[in-house]
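Asker: Sequence:
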Amino acid sequence: MSIQQAEDMINEAEKKAQGSKGLFSFLGGAPSYDEAADLYKNAANQFKLAKDWNRAAETLVLAGEMMGKYGSASDEAHHYEEAGNAFRRAERIHDAITWYEHAVKIYSSAGRFQAGGKILRTIAEMTEEDIDVKKEEALAYYKKAADMFEMDEYSKAPHSQCMLKVAELSAEVGKYEDAAKIFEKEGEKALHNSMLQFGAREHFLKAGIMWMCAGDPVTASIAVERYMSEDPRLATSREGELLQDMTQAFSNNDVDAFVDALHKYDSVTRLDAWKTDMLCKVKEIMAPSAENQANDVDLT
1 MSIQQAEDMI NEAEKKAQGS KGLFSFLGGA PSYDEAADLY KNAANQFKLA KDWNRAAETL
61 VLAGEMMGKY GSASDEAHHY EEAGNAFRRA ERIHDAITWY EHAVKIYSSA GRFQAGGKIL
121 RTIAEMTEED IDVKKEEALA YYKKAADMFE MDEYSKAPHS QCMLKVAELS AEVGKYEDAA
181 KIFEKEGEKA LHNSMLQFGA REHFLKAGIM WMCAGDPVTA SIAVERYMSE DPRLATSREG
241 ELLQDMTQAF SNNDVDAFVD ALHKYDSVTR LDAWKTDMLC KVKEIMAPSA ENQANDVDLT
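In the UniProt record's numbering, the protein residues as written are 1 to 300.
Treat the hints with care, since some could be wrong.
Listed below are the simulated BS3-like cross-link pairs for lysine-lysine, each with C-alpha atoms no more than 30 Å apart in a straight line [to be verified]:
#  : residue 1 : residue 2
1  : Lys15     : Lys118
2  : Lys275    : Lys175
3  : Lys48     : Lys105
4  : Lys281    : Lys189
5  : Lys185    : Lys134
6  : Lys181    : Lys143
7  : Lys156    : Lys69
8  : Lys134    : Lys69
9  : Lys175    : Lys281
10 : Lys48     : Lys15
11 : Lys283    : Lys175
12 : Lys185    : Lys175
13 : Lys281    : Lys185
14 : Lys143    : Lys51
15 : Lys118    : Lys143
16 : Lys118    : Lys134
17 : Lys185    : Lys275
18 : Lys51     : Lys105
19 : Lys118    : Lys69
Just the calculated beta-carbon pair ranges, DEER-fashion [said to hold, decoys possible]:
#  : residue 1 : residue 2 : range
20 : Val173    : Ile3      : 39 to 47 Å
21 : Pro232    : Tyr154    : 27 to 35 Å
22 : Ser109    : Tyr154    : 48 to 56 Å
Simulated from the structure, these hints should not be mistaken for lab results. Every residue, glycine too, gets a C-beta built ideally from N, C-alpha and C.
Please put together the full structure from these sequences, using the hints given.
Answerer: Now the structure itself:
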């Protein structure tokens, strides 16, 4: 089909939405919102084929409005979600978020918390990728997504995934204690799930790093001792060994021992970028200097 045919569909949809007027309006001339929605949806598909994402998005919004008038909230939300996807393809991020949020509101009102959570997670990922948006905004959307998933019995995994993102972003904006508590909670949850137990040590490792970032060696040491008692297998793991060596070096303000512990761990299991950045902050607390700033700190 051509763009002109899509335009013809839109014109026909407008007529269906208005219904017949005039002398013969009583002869079955009521608005047909569902038919109008189908026409708008089909027109939007043609715009998609033509890679005209702006027109596709705008037409999907109209389809959603028609289904709202028809009384089908589920279809209304679906069209708004699709409109958000199209606006995203058109790089109209603000409009994408607007219509995503319309969809979330409808889904949540209908008790479709998993669907709403997925959209909020998409918004969080979009805002996290946007260098012009503050990390606090992405953090807030991940928290909203987690809250939405928490209300769905079958969304425990995505809830935890979003909370871990909340923890990581909280750390990046300096909320170390908040991050530590989230990592601890996720670690404790993992211990009670036979399929996730192995992942608990990663959460406890991150929690310990957070307490060190907070600059409190006493709290960090006490926390690590607690992790060891909660998870006896942690003490004999590489993560547990790293935690104990790091906190001891941190308590003694022994930079060389701290770096040696990291080098030993990193030689077998590569430290990811997030941990490296956080550990740079810990080292800077131990040995502040004008020469050792942020990512310029050499941990090896």
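Asker: Next step is simple, just say for each hint if it's right about the structure.
Answerer: For each hint, the structure was consulted:
1. Distance hint between lysine 15 and lysine 118 is unfulfilled; the C-alpha atoms sit about 35 Å from each other, more than 30 Å.
2. Distance restraint check for lysine 275 and lysine 175: the Cα-Cα separation of roughly 15 Å lies within the 30 Å cut-off, and the hinted pair is therefore satisfied.
3. Restraint check for lysine 48 and lysine 105: the C-alpha separation of about 26 Å stays at or below 30 Å, so the hint holds.
4. Using a Cα cut-off of 30 Å, the hinted pair lysine 281 and lysine 189 holds, with the two alpha carbons roughly 28 Å apart.
5. Taking the CA atoms of lysine 185 and lysine 134, the gap is about 26 Å. The hint holds against a cut of 30 Å.
6. Taking the CA atoms of lysine 181 and lysine 143, the gap is near 14 Å; set against the 30 Å cutoff, the hint holds.
7. For the proposed pair lysine 156 and lysine 69, the alpha carbon gap of about 35 Å is over 30 Å, so the pair is violated.
8. Pair hint lysine 134 plus lysine 69 does not hold up; C-alpha atoms about 37 Å apart against a cutoff of 30 Å.
9. A C-alpha spacing of about 13 Å is found between lysine 175 and lysine 281, which places the hinted pair at or below 30 Å, so the restraint holds.
10. At roughly 23 Å between alpha-carbon atoms, lysine 48 and lysine 15 fall within 30 Å of each other, so this suggested pair holds.
11. Taken as a hint, the lysine 283 and lysine 175 pair is honoured in the structure, with Cα atoms around 18 Å apart against an allowance of 30 Å.
12. Using a Cα cut-off of 30 Å, the hinted pair lysine 185 and lysine 175 holds, with the two alpha carbons roughly 16 Å apart.
13. Straight-line distance between C-alpha atoms of lysine 281 and lysine 185 comes to about 23 Å, which keeps the hinted pair within the 30 Å bound.
14. Our distance criterion of 30 Å between C-alpha atoms is broken by lysine 143 and lysine 51, whose separation comes to about 34 Å.
15. At most 30 Å may separate the alpha-carbon atoms for a hinted pair to count; lysine 118 and lysine 143 meet this at roughly 12 Å.
16. As the CA atoms of lysine 118 and lysine 134 are separated by approximately 21 Å, the hinted pair is consistent with the 30 Å bound.
17. A distance of roughly 19 Å separates the Cα atoms of lysine 185 and lysine 275; the hinted pair therefore holds under the 30 Å criterion.
18. Simply put, lysine 51 and lysine 105 have alpha-carbon atoms about 28 Å apart, close enough for the 30 Å limit, and the pair holds.
19. Taking the CA atoms of lysine 118 and lysine 69, the gap is about 25 Å. The hint holds against a cut of 30 Å.
20. In this structure the supplied range 39 to 47 Å holds for valine 173 paired with isoleucine 3, their Cβ-Cβ distance being about 46 Å.
21. The hinted range of 27 to 35 Å is satisfied by proline 232 and tyrosine 154, whose Cβ atoms lie roughly 31 Å apart.
22. In this structure the hint that serine 109 and tyrosine 154 lie 48 to 56 Å apart at CB is violated, the actual value being about 19 Å.
Of the numbered hints stated above, those contradicted by the structure are hints 1, 7, 8, 14, 22, listed in ascending order.
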